[in-house]
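Enquirer: Here is what each chain is made of, one letter per residue.
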Amino acid sequence: MHEMAMAEGIMDIVKDYAEKNNAVKVHTISLLIGEMTGVVVDSLEFCFKALSKGTIAENAEIKLKNVPLVGHCNDCNWQGHIENYNFFCPHCKSGHMDIISGRELRVEYLEVD
Amino acid sequence: MEVSVMEDILGGNDKIAAENAQIFKNNNIFALNIIGSPGAGKTTLLEKTIGKLKKSLNMAIIEGDLFTSKDADRIASHEIPVIQINTSGGCHLDAAMVQKVLPQLNLAELDLVIIENVGNLVCPAEFNIGEDSKAAVLSITEGDDKPLKYPLIFKEAAVSILNKVDILPFTNFDMASAKNDITCLHPGIEIIETSCQQESGIDEWCKWLENAVKSKQNG
Chain A
1 MHEMAMAEGI MDIVKDYAEK NNAVKVHTIS LLIGEMTGVV VDSLEFCFKA
51 LSKGTIAENA EIKLKNVPLV GHCNDCNWQG HIENYNFFCP HCKSGHMDII
101 SGRELRVEYL EVD
Chain B
1 MEVSVMEDIL GGNDKIAAEN AQIFKNNNIF ALNIIGSPGA GKTTLLEKTI
51 GKLKKSLNMA IIEGDLFTSK DADRIASHEI PVIQINTSGG CHLDAAMVQK
101 VLPQLNLAEL DLVIIENVGN LVCPAEFNIG EDSKAAVLSI TEGDDKPLKY
151 PLIFKEAAVS ILNKVDILPF TNFDMASAKN DITCLHPGIE IIETSCQQES
201 GIDEWCKWLE NAVKSKQNG
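If you're matching them up, the sequences are chains A and B in order. Residue 54 in the UniProt record's numbering sits at position 54 of the first sequence, and the numbers go up by one each step. Residue 103 in the UniProt record's numbering sits at position 103 of the second sequence, and the numbers go up by one each step.
Hints are computed from structural coordinates only; laboratory data are not their basis. Accuracy of the hints is not assured; some may be wrong.
[To be verified] Listed below are the simulated DSS-like cross-link pairs for lysine-lysine, each with C-alpha atoms no more than 30 Å apart in a straight line:
(1) A:LYS15 - B:LYS55
(2) B:LYS15 - A:LYS49
(3) A:LYS20 - A:LYS49
(4) A:LYS63 - B:LYS100
[Claimed, not checked] Here chain A is said to cover these stretches of chain B; the calculated rule only asks that three of the stretch's residues, wherever they fall, bring their Cβ under 8 Å from a Cβ of chain A:
(5) 124 to 133
(6) 170 to 180
(7) 185 to 199
[Claimed, not checked] Incomplete in silico selection of chain A near chain B, CB under 10 Å:
(8) HIS2
(9) GLY9
(10) ASN21
(11) ILE29
(12) LEU32
(13) GLY38
(14) VAL41
(15) TYR85
(16) PHE88
(17) HIS96
(18) ILE100
(19) ARG106
(20) VAL107
(21) VAL112
We put the CB at the ideal spot given by N, CA and C, even for glycine.
With these hints in hand, go ahead and build the complete structure from the sequences.
Expert: This is the structure in structure tokens:
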């Protein structure tokens, strides 16, 4: 249940950016959630709903964008979706693969008044 | 009005983790974060590790536990510094919890701090606490399918310990399959088979740990 900690993280960011932009109401919170993260979305929404009660973000809609797990091979420059969590390069079999995306837990943007 | 943000949700934790990492660095300490399911054998592995290494390394243990001090009491009986963090139901340690207790340790005298996380393969993998490396402990009875079911911890860990290998003959655990899955998830990861009961693999594990401390201290 680390979704509560994540909801707290989202709330902190939302409050910070709402204040900076003199917002009175937060309507939408857009999140980028990587494929290789352990987030239970229903739990996250539940926790956020509880936390945001009585705040500027009460009843805000949470929009989720899933980010696919993409790797880049440092040896042959192959880049593509990592299938079945196999981080050996499908092209040259090298194990020198960097993660390009898929680990995001990020607030992308807010819609505010 | 749309406001662009692009901030990491766990950015607050990452910031404190970076401060912890700097504290460890300033004191020439290698910090290890041990993660595994309840009952995987984390505390027993630590007890065996302390027995082997306490003469050659100055070490301290931080014990994460939901409510009790049972694990910390076991460690304390080995006469090395141990600090208990109770998360009161929280499923993982975070960087702030660790930072809060660090002043209780005589950091200048230490080479190695091992932090035993709350028993859980999911949540602790997402929260850096300022460690140099994570170790993932998986016991044979949990099943060979677990690395792919809980991929993040095996991706994040520098070393994976497959514990309780003494009971392999009584299970359908496929060692080759588990090792293959772990290696595919994390090419180059160190995999060490141990049985804490029979004390097998402990020397290899302690050697890995000693080398990790040495390479940190030699910069």
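Enquirer: Double-check HIS2 of chain A for me: the hint is only fine if its C-beta lies closer than 10 Å to a C-beta in chain B.
Expert: With a closest approach of 4 Å, the HIS2 of chain A hint holds.
Enquirer: Against chain B, is ILE100 of chain A within 10 Å by beta-carbon distance?
Expert: Interface hint status for ILE100 of chain A: violated (14 Å vs cutoff 10 Å).
Enquirer: When the nearest CB of chain B is found for ASN21 of chain A, is that gap smaller than 10 Å?
Expert: holds, 5 Å
Enquirer: Is the interface hint satisfied for HIS96 of chain A? The criterion is a beta-carbon contact with chain B at less than 10 Å.
Expert: Since the shortest Cβ distance to chain B is 8 Å, the answer is holds.
Enquirer: Does ARG106 of chain A hold up as a contact with chain B if the rule is Cβ-Cβ below 10 Å?
Expert: holds, 5 Å
Enquirer: Okay, the segment 124 to 133 of chain B and chain A, do three or more residues pass the C-beta test at under 8 Å?
Expert: holds (count 3)
Enquirer: Run the distance test for LYS63 of chain A versus LYS100 of chain B: straight-line Cα separation, threshold 30 Å.
Expert: violated, 35 Å
Enquirer: Does the CB of TYR85 of chain A sit less than 10 Å away from some CB of chain B?
Expert: This hint holds: TYR85 of chain A lies near chain B, its Cβ roughly 5 Å from the closest one there, short of 10 Å.
Enquirer: Quick check on the hint: PHE88 of chain A CB to chain B CB, less than 10 Å?
Expert: Check passed: Cβ of PHE88 of chain A comes within 6 Å of chain B, closer than 10 Å.
Enquirer: With 10 Å as the cut and Cβ atoms as the points, is ILE29 of chain A at the interface with chain B?
Expert: This interface hint holds because 9 Å falls under the 10 Å limit.
Enquirer: Is the straight-line distance between the alpha-carbon of LYS15 of chain A and that of LYS55 of chain B 30 Å or less?
Expert: Not satisfied, since the Cα-Cα distance of roughly 51 Å exceeds 30 Å.
Enquirer: Hold the hint about LEU32 of chain A up to the distance rule: shortest CB distance to chain B must be less than 10 Å.
Expert: holds, 8 Å
Taken one by one, the earlier hints fail for this structure at numbers 1, 4, 6, 14 and 18, listed in ascending order.
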